[in-house]
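Participant: Chains as they are written, first to last, in our numbering: chain A, 50 to 481; chain B, 50 to 481; chain C, 50 to 481; chain D, 50 to 481.
Simulated from the structure, these hints should not be mistaken for lab results. One should not assume that every hint holds.
So the derived label-pair ranges between C-beta atoms look like this [to be verified]: (1) B:His426 with D:Val127: 56 to 62 Å; (2) A:Tyr125 with B:Ile97: 30 to 36 Å; (3) B:Ile97 with C:Ser310: 19 to 25 Å; (4) B:Pro185 with C:Glu287: 45 to 51 Å; (5) A:Arg84 with D:Leu263: 20 to 26 Å; (6) D:Pro242 with A:Asn161: 57 to 63 Å; (7) C:Gly144 with A:Pro130: 40 to 46 Å; (8) C:Glu287 with B:Arg84: 52 to 58 Å.
Facing chain C, a subset of chain D residues (Cβ under 7 Å, in silico) [said to hold, decoys possible]: (9) Asn141; (10) Pro242; (11) Pro244; (12) Val247; (13) Leu263; (14) Ser267; (15) Val268; (16) Phe297; (17) Pro418; (18) Leu432; (19) Tyr435; (20) Lys438; (21) Phe439; (22) Asn442.
Okay, derived cross-link-like pairs now, BS3-like style, lysine-lysine, Cα gap no bigger than 25 Å in a straight line [stated by the list, open to error]: (23) B:Lys470 with A:Lys470; (24) C:Lys470 with D:Lys321; (25) D:Lys470 with D:Lys321.
Quick caveat: nothing in here was measured; it's all calculated off a predicted structure. Heads up, the beta-carbon is just placed ideally off N, CA and C, and yes, glycines get one too.
4 protein chains.
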Amino acid sequence: MSTHPHPVAAPVSTEPTSLASRFQAIRHQSVELCRPLLPEDTVVQPVIDVSPPKWHLAHTTWFWETFLLREYMPGYQVFHPDYAFLFNSYYNSLGSRVNRADRGTLSRPPLNDIYTYRTYVDEHMEQLLALQDTLPPAFAEVLELGLQHEQQHQELLATDIKYILSTSPLAPAYQAAPTSRSVDAAPPAAWLPVPGGVHQVGFEGEGFCFDNELGRHSVYVADFELQNRLVTNAEFLEFIEAGGYQDFRYWLGEGWDLVQSQHWTAPLYWVKLDTGWHRFTHHGLVPVEMAAPVTHVSFYEADAYAQWCGLRLPTEQEWEIAARHFGATAAGGTFLESGLLDPQPIAPDASPEQCHQLLGDAWEWTYSPYHAYPGYHRAAGALGEYNGKFMVNQLVLRGGSCATPESHIRITYRNFFHADKRWQFTGIRLAR
Amino acid sequence: MSTHPHPVAAPVSTEPTSLASRFQAIRHQSVELCRPLLPEDTVVQPVIDVSPPKWHLAHTTWFWETFLLREYMPGYQVFHPDYAFLFNSYYNSLGSRVNRADRGTLSRPPLNDIYTYRTYVDEHMEQLLALQDTLPPAFAEVLELGLQHEQQHQELLATDIKYILSTSPLAPAYQAAPTSRSVDAAPPAAWLPVPGGVHQVGFEGEGFCFDNELGRHSVYVADFELQNRLVTNAEFLEFIEAGGYQDFRYWLGEGWDLVQSQHWTAPLYWVKLDTGWHRFTHHGLVPVEMAAPVTHVSFYEADAYAQWCGLRLPTEQEWEIAARHFGATAAGGTFLESGLLDPQPIAPDASPEQCHQLLGDAWEWTYSPYHAYPGYHRAAGALGEYNGKFMVNQLVLRGGSCATPESHIRITYRNFFHADKRWQFTGIRLAR
Amino acid sequence: MSTHPHPVAAPVSTEPTSLASRFQAIRHQSVELCRPLLPEDTVVQPVIDVSPPKWHLAHTTWFWETFLLREYMPGYQVFHPDYAFLFNSYYNSLGSRVNRADRGTLSRPPLNDIYTYRTYVDEHMEQLLALQDTLPPAFAEVLELGLQHEQQHQELLATDIKYILSTSPLAPAYQAAPTSRSVDAAPPAAWLPVPGGVHQVGFEGEGFCFDNELGRHSVYVADFELQNRLVTNAEFLEFIEAGGYQDFRYWLGEGWDLVQSQHWTAPLYWVKLDTGWHRFTHHGLVPVEMAAPVTHVSFYEADAYAQWCGLRLPTEQEWEIAARHFGATAAGGTFLESGLLDPQPIAPDASPEQCHQLLGDAWEWTYSPYHAYPGYHRAAGALGEYNGKFMVNQLVLRGGSCATPESHIRITYRNFFHADKRWQFTGIRLAR
Amino acid sequence: MSTHPHPVAAPVSTEPTSLASRFQAIRHQSVELCRPLLPEDTVVQPVIDVSPPKWHLAHTTWFWETFLLREYMPGYQVFHPDYAFLFNSYYNSLGSRVNRADRGTLSRPPLNDIYTYRTYVDEHMEQLLALQDTLPPAFAEVLELGLQHEQQHQELLATDIKYILSTSPLAPAYQAAPTSRSVDAAPPAAWLPVPGGVHQVGFEGEGFCFDNELGRHSVYVADFELQNRLVTNAEFLEFIEAGGYQDFRYWLGEGWDLVQSQHWTAPLYWVKLDTGWHRFTHHGLVPVEMAAPVTHVSFYEADAYAQWCGLRLPTEQEWEIAARHFGATAAGGTFLESGLLDPQPIAPDASPEQCHQLLGDAWEWTYSPYHAYPGYHRAAGALGEYNGKFMVNQLVLRGGSCATPESHIRITYRNFFHADKRWQFTGIRLAR
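Go ahead and model the full structure; you've got the sequences and the hints to work with.
Facilitator: Below you can see the structure in the form of C-alpha cells.
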C-alpha cells in the first residue's frame, strides 16, 4: 500500500483577536485540509452524498461572493459569470445549477483555478472587512454565518476525502498515522442518572447559533439514565458476532431492507481480512481498535444495536438536558484541530461518574426527528433555505465529531442526516 | 361514463351483543365492501401502495388462520398450503412471501376461491368462538387484534378500490351518488384556544388499543390554538390559484422535488375540465364541492398550505390534548358506515365555539414523527412486527376518516404514512 | 395443484368458402382461446411483454373498427370514444394511448364489455362484408391484413396466457393435458446438405404476405448443412449439466450479463424438483419430455448452445433456401389448431433424410437481424408503422410454432424478437 | 472562455523501420494525446461510454503486461498486484475487475503513477523486443494486436477527451484551433454507380487484420449507387429545420423513443446560440461549418435523415465493394495524425466522379449488423473475447475517422457501435 504522509493540519485558534483574523484562519484551514490531496482526488464523486473537494473549495467561496461581496461591496465584479451555476449547492432562490449527481463529471475549472478564485475572493473580503464599521449590522450576521458555513464544509471535506480515498483498492492514506492514545480496553460503561421534569431546550444567550436552535422552549422528560461513554468497537463487534446483521428482529423495516439490498455486515469501512477486522481510515487500512468508539454507523445500525441490548437511543431533548446537566465542554474531546480524524477511546482510568465524549469524537444519533422547534419561521430570501427546507425525514445528531472544528460545536447544535447515512463520523450512546 | 350503481353498504352496529356476532358483522362488512366490484377490479395493483381487493380479502383471512386457528384449534388443517406464501403481508417471522410489488401479477387463486377460503375460515372460527371460555386469555387479545386488523383493511379496501377505479379513463363509479349534505359555503374557520402545560398523552383505561398508543406519559406543550374545522376545498383552491404549486418557498425540499418530478398541481383525483375543477370519487367524476374538506393531500401539500397561510400543522400531542379538551366524540363525524365515502362539510350554522370533524371525515396530518412512545417495547413473535418496525420516516395522522369504521377510532389512535402519500382520505387542520 | 380442465379448442378450417366465413372463423377462434380463462386472468400484465388477454381481445377489435369500419362504412359510430386511447397498441399516427407498461393496471372496461364491443364490431363488419363488391380493392387488402393481425394476436394470446398462469405458485392449468405423441427418445439428428450459390429469397406469387417479406431478391450463400430436426430437451439438458449456464465462454457478452443478473440456469418455465426437471405448460407442471424440442429459449441461449456444440445457427436466408429446397409444408407440423400448445417430438422412425419441424412446433432463431429487404419502403399512413419501425436490434425467427395458426405461416414469413425474449415458443435448429 | 492551447500532436510515421521503433512511436502517441490535459481531466467518467483518460493510459499498458510480458518474459514482475483488477476492461477469462460504470470514481492511482507504470512496462517491452528473434511466432502476432489495440484506444482517447471537456459550461479547448481548409460550400453530392453481382468481401493478403474481418467470402449485391461524399452539416441542417426531429415517421421506433426521452433536437455537441448553430469541438465552441461533414450522429439519426431524403444507408458489403471498386486509399483523408480532430470538407472543385472521404474524416454508419462472417470462430483464451462476444445488437461502421490513426484503417475494417451512440466521429453516406 502506497501512502502519502503529510504533516497533521495545524490547529486553528478558537479565540482570534479580530473577525478578520478569524476569517483568514478559517479560510486557511479549508485549504490546509486539501493540501495532502492530488488534483485527481479533488474531482471525483463516488456517490451522490460525497462532493468533490474541488467543489467544496469553490462552493464555500461562492457563498462569500454571493452573500457578502455582491451584497455589500459596491462595484464588485464576480470572478467568473459561470461560477454561480457551477457552485450553487441547493438555493432555488439563486437560480439553476449543476445537478448534485453531476458534480463529479466536471474536470474544469481545474483545482488551480479554484485556488485563484479563493485568493480573489479572500482579497476582496479583506478589503470589505476593513470597512466593517461602516456596514449595517446584517453584514456581521451573514459574515458569522459564512464562517460557520465554511466550518461545516470542513467537516464534509474530511469525511468526503475519506470516502473518496476508500474507493481505491490501493487504500491510500491521506496522512501518516498520528500518534494517539492507544488503549487496550475501554472501562465498562456506567449509567448516569438525569433527573426529569420540565426543562428548557434550545439556544439562548450570546454568540452564534443556527436558526434551527432558536426558540428556547420547555419540554417535559421523565427521569432517565445515559451511558457515560460512547459504544465501543469491542461492544459493537459482539453484536456482529452474535448475528445482529442477520436477524430482522432488531431492525426497523426500512433498515432491514437496506441490510439485505446493500449486503451490510458491519459498519462502513470495516473489512474482515485473514488477520482480523480492519477499518479504512485517513491513514490507510488499520486493525480495528477495540477500545475506540464505533463510528460510521447508520441510524438503523445504532437503533438495532440498542434493540439488541434491550436499550434505546436518547432523544435530542434528553441529550441536551443531560449535556447541560453534566456541564459538557469541549475539553478532552477530539475535534478536527487534533488532526486525529478518528474518535478516540477514553482513558482506562476515566472516571465512571463523569459523562465522556459528549462533545467531539462522534456525532450521536438521537431518536428525534429533525423538525422545527416551536415558533420556528424560515427567514425570507435565499438564506431561508439554509435549514428549514430539510425539516422532515431526517434524524437529529448531537455533539460533534473528530471532524468538527472545536469552535463550531455547542450543546444546542442540531445536526441532521437521513437514517441510512454512514459516511459521517456517527456513533452510538445508549439510554434507558 | 358508464356507472355501476350499488346500494350503500349497510352500517355495522358498533355495539354487538357478543364477540361472535361482532366477528360475523366485521367479516361480513369486508365482503359487503367488495360487492360492487367485478372480478377484474379485485386483481390489479396500479401502484405499489394499492393492494388488489382480492388480496385484502385473503390476507385478512390468513390472519385469522395463522394467529387464531393454527394456534388455538387442535387439528386445524390449513385451507391451502400455498396461501401463507401468497397472503402474508410483511411478517418476516412467518417466512418468505410474494413481493409486495407483485401482488397485482397474480390472477390465481381467483376471487371465488378467496370467498371459499373466507367461508372455510369463518366456519372454523365460529367453532372456535363457541369454545372461547375454555381458551387462555391471550386468545381474546389476539381475537380483538384480528377484528381491529380487519377493520384497518376495510379502510384500505375503500381507498384502494377508489384508486383502482380512478386509473380508467372511463371514471367508473363504485356506487351511485349518496344523498349527502349539500352546503354552499362553509362558515369561516374560528380559532379555539387550548391551554398548555404538562399533559398526559397515550391510551389508558378499558378497551382495545394498539401497542403504539400505550405508555401514557407526560408532555409539556405551550398554549396553542386550533382551527375549529378542517381546511375546505374552497380554501385550498385559493392556494392553487395563488400559484402555491409553482413556488418553492412554501415547500419542504423533498416535497418540492416531488411537485416537480410528479407534476403535482392539485390534490390527488382533481381534474380541471372546461367546466371547472372536478374530483374522482366513489361515485365517479363530480364537481369539487367547495364547502367540503380538502382531502387526498400529502403531508408536503398540507405543510406547504400551512406555510402559505403563515400557520402550521399541530403536533400529535397538541391534537390529542385538544381532542380531550374539547371532548371529541364520534357523534356527527362521517365514518365508513355512512357509505358516503367522502368527508362532509360542516353545517352553515355550525357553532364557531365547537371543534368539528376531529373524529371521522379526514385523517389529519400532524407534524410529528411516528416514533415509539417512551417505554415502548416490541412484543415477541410475529405480532411484534405489527407496529414497531415502522417507527421511523413516517408521520402521525390523527382522528380517522370517512373510510374508517366508527367503532375503530379513538382519540389516542396513531395512524402513520410517509409524507408523500395521498391515496388515503387525508386532510388539513391548522394550528398556531 | 388445482386444475381447471377445459375442452381443447376446436380447429379452425384453413379453407373457408368465403371471406365472410373466414372472418367469422378467425374472430371466433380468438374468443375460443379465452374461454378457459376467468375474468381475473384477462386483466393482469406480469411483465411488460405480456399483455392482458382482455387487451388483446379489445385491441384486435379496435383494429377492425379503425382501419375498416371508420374508413369504409359511412356513418359508422365508434362503440366508445375512449377505446381508441385504451386499445391502440403503438400507432403514433393515431394519437396518444395508454403506456404499454400500464395495460395491466386497468380493470375497466371489464371483460364483458369487451365481448359486447366484439359483437358490436363483428355485426358491423358482417354488414360491411356483405357490401364487399362495392368497395375499392384497398378494402380487401386491409381486410386480409386484419385477419392476419388477429391471428398474430392469437399466438400472443396463447403465449401470454401461459405466462400469466405461470406466475401463480398454484401452477394452474389452462386446459387438461391433451393426448399427444409420447416418445421415449428422439432419433439422432442427421445433417442434410443444401447446395449454395445465388438464390432468391422473399415472397413472390399469389396470396397474402407482410410487407417485410416483399422484394424478392438474390442472395449468395455457400454450401451448408442443416440438422433435420429441432434440438431436443435431452440435448439441451446436456448443455445445462455440462455447466453451460456457468461458463461465459459460450455466451455473447450481453447474454452473459443477463445470465448473471437474471440468474438464468435453464429455459423459461423449467423448475428442478426433487423428482427431476419439470416444465410449466398450458396443462400445468409436467416432467420435461426428453424427446420433445427445447423451447422458451432466448437467442442468447440458442447461440450459446450452438457455440458449446461447436456449431452455429442458420441465417434467415439459409433457412428459407433450405425450406424451399426440402419442400417444407405444414403437413405433420404442430399448430395452434391442434390444441397441443407444445412442440412435439418427431416419431422414432422418422426418416433421417427428411427435414422435420420446419413449419410449426417452434420458431427457429436465426442469426440474422430483422432488417429491411432491399427496396423496402414503409407504407404511408398508420399501416406503415406495422413492420418497418422495428427494423433494428431484433433477430429473425422462422417457421412458426405450435401457437401459430396453420393458415398463418409460410416459408417466407419473418417473425422478429429481441435477443433476450423467451416467452414465445422459440427453439433451436443447428447449422454448419 | 478560457482556453489551453497546445501544439498539434506530431504525426506518427506509418512506416517505421522496425517493430521496436513502431512500438515506441505508438506508445509515445498515446502520451502525446494526453499532454494537453490537466490531471483532473484524466479522472472523470461523465457517462458510462466515456472512460477516464487515465484509465486508457493504464489499460493499454496492462494489455502489454498481461499478454506479452507475463507470457514471454521469464521472471517478469508485475508493476503492481492490484492493477489487473483496476485495468482489465472486459476479459472474463482474466478475473474480476472494477465495474465499468465505476471507472470514474477512482482518483488513485494518480496520473503520475500511471506514467511510471507506462515507463516500467515500456522498458521491459524494449528488453523483450530485443530478444524477438528467439520468441515463437505467436509473440509477433500478439505484439501486432497490442499495437492495433493501443491505436484503438487512441481514437477513444480523442473522443472521450472531447466528451469530458464538453460537460463543463466553460467549454474549454483541448488545443488551439488548427489551420484547416475553410470552404464556403461543398459541391453538390454526385451519385456514383457500382456494378452488382457476386463479390468477395473480407480481408485477404499480407498484413494485419482483426479476426472479425477474416473469412473472405462471396456475397451477392444488386447494382447500386453511392454518393461521392459524406452528408454535410448544411444538408443535415435542412432536416433539422424541416422538423425532422419532431416527426416520428422518419424514425425507427427505438430511435423515436430516444428522441423524446433524451430531447434530441440536433447532433451531439450542437448548441443553438443567438448567433446561430455552434458545435463544441476540440478547440472550443465554434460556428457550425456548413461545408463540413455532419458528425456525432447516432445510427437512428443517420437512418432518419436517409428516410427523410427517400434514400437509404449502404450495407457494409456495398460499402466494401464500392471502396474496392473506387480504389479508396488514405490519401486526402483526415486522420488522427493531422491533429485536426474534425472531419474536413471536400474542396469546392473536387471531382464529382471520384468517391471522396471513404477513408478518414467520419465513420460511416451502415445498415448491417455486426455479426460474425461465415466460418468465424472465436479464438481460445482471453483474446477470444476481443471481438466475438459483441456480435449482436450493434451496427457496423466503415472507413475510419479524423480520430483514427492513418496506419490503423483499411477498407475491410469493421468498427461497431450500438445504434444510439453519438460520441464517436460518426457520419452519413447515402446509397440508393
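Participant: Taking the hints in turn, state whether each one holds.
Facilitator: Hints, one by one, checked against the model:
Between His426 of chain B and Val127 of chain D the CB atoms are about 57 Å apart, so this pair conforms to the stated range of 56 to 62 Å. A hinted range of 30 to 36 Å is violated for the C-beta pair Tyr125 of chain A and Ile97 of chain B, which are about 52 Å apart. A beta carbon spacing of about 22 Å between Ile97 of chain B and Ser310 of chain C agrees with the range 19 to 25 Å that was offered as a hint. Between Pro185 of chain B and Glu287 of chain C the beta carbon distance is about 59 Å. The supplied range of 45 to 51 Å is therefore violated.
Separation of Arg84 of chain A from Leu263 of chain D is about 56 Å and departs from the stated range, judged on CB atoms against 20 to 26 Å. Distance hint for Pro242 of chain D and Asn161 of chain A: a CB-CB separation of about 58 Å, consistent with the stated range 57 to 63 Å. For the hinted restraint 40 to 46 Å between Gly144 of chain C and Pro130 of chain A, the CB-CB distance of approximately 45 Å keeps it satisfied. Separated by about 56 Å at the C-beta atoms, Glu287 of chain C and Arg84 of chain B satisfy the suggested range of 52 to 58 Å.
Against a cut-off of 7 Å between C-beta atoms, the interface hint on Asn141 of chain D holds, since the closest Cβ of chain C lies about 4 Å away. For Pro242 of chain D, the interface hint is violated, since its Cβ never comes within 7 Å of a Cβ in chain C; the closest pair sits about 16 Å apart. Because the beta carbon of Pro244 of chain D sits about 14 Å from the nearest beta carbon in chain C, more than 7 Å, this interface hint is broken. For Val247 of chain D, the interface hint holds, since its Cβ comes within 7 Å of a Cβ in chain C; the closest pair sits about 5 Å apart.
Look at Leu263 of chain D: its Cβ only gets to about 15 Å from chain C, farther than 7 Å, so that hint breaks. For Ser267 of chain D, the interface hint holds, since its Cβ comes within 7 Å of a Cβ in chain C; the closest pair sits about 5 Å apart. Hint status for Val268 of chain D relative to chain C: holds, with the closest Cβ pair at about 6 Å, below 7 Å. For Phe297 of chain D, the interface hint holds, since its Cβ comes within 7 Å of a Cβ in chain C; the closest pair sits about 4 Å apart.
A least Cβ separation of about 4 Å between Pro418 of chain D and chain C falls short of the 7 Å threshold, and the interface hint therefore holds. Using the Cβ-Cβ criterion of 7 Å, the hint placing Leu432 of chain D at the interface with chain C is not satisfied: the shortest such distance is roughly 12 Å. The beta carbon of Tyr435 of chain D comes no nearer than 11 Å to any beta carbon in chain C, farther than 7 Å, and the hint placing it at the interface is violated. About 4 Å separates the beta-carbon of Lys438 of chain D from the nearest beta-carbon of chain C, less than 7 Å, and the hint is met.
The criterion of a C-beta within 7 Å of any C-beta in chain C is met by Phe439 of chain D, whose closest approach is roughly 6 Å, and the hint holds. A cut of 7 Å between beta carbons decides the hint on Asn442 of chain D: the least distance to chain C is about 6 Å, and the hint holds. Of the pairs offered as hints, the one joining Lys470 of chain B and Lys470 of chain A holds, with about 23 Å between alpha carbons and a cut-off of 25 Å not exceeded. A distance of roughly 41 Å separates the Cα atoms of Lys470 of chain C and Lys321 of chain D; the hinted pair therefore is violated under the 25 Å criterion.
At most 25 Å may separate the alpha-carbon atoms for a hinted pair to count; Lys470 of chain D and Lys321 of chain D meet this at roughly 21 Å.
Hints 2, 4, 5, 10, 11, 13, 18, 19, 24, counting from the list given before, are not met by this structure.
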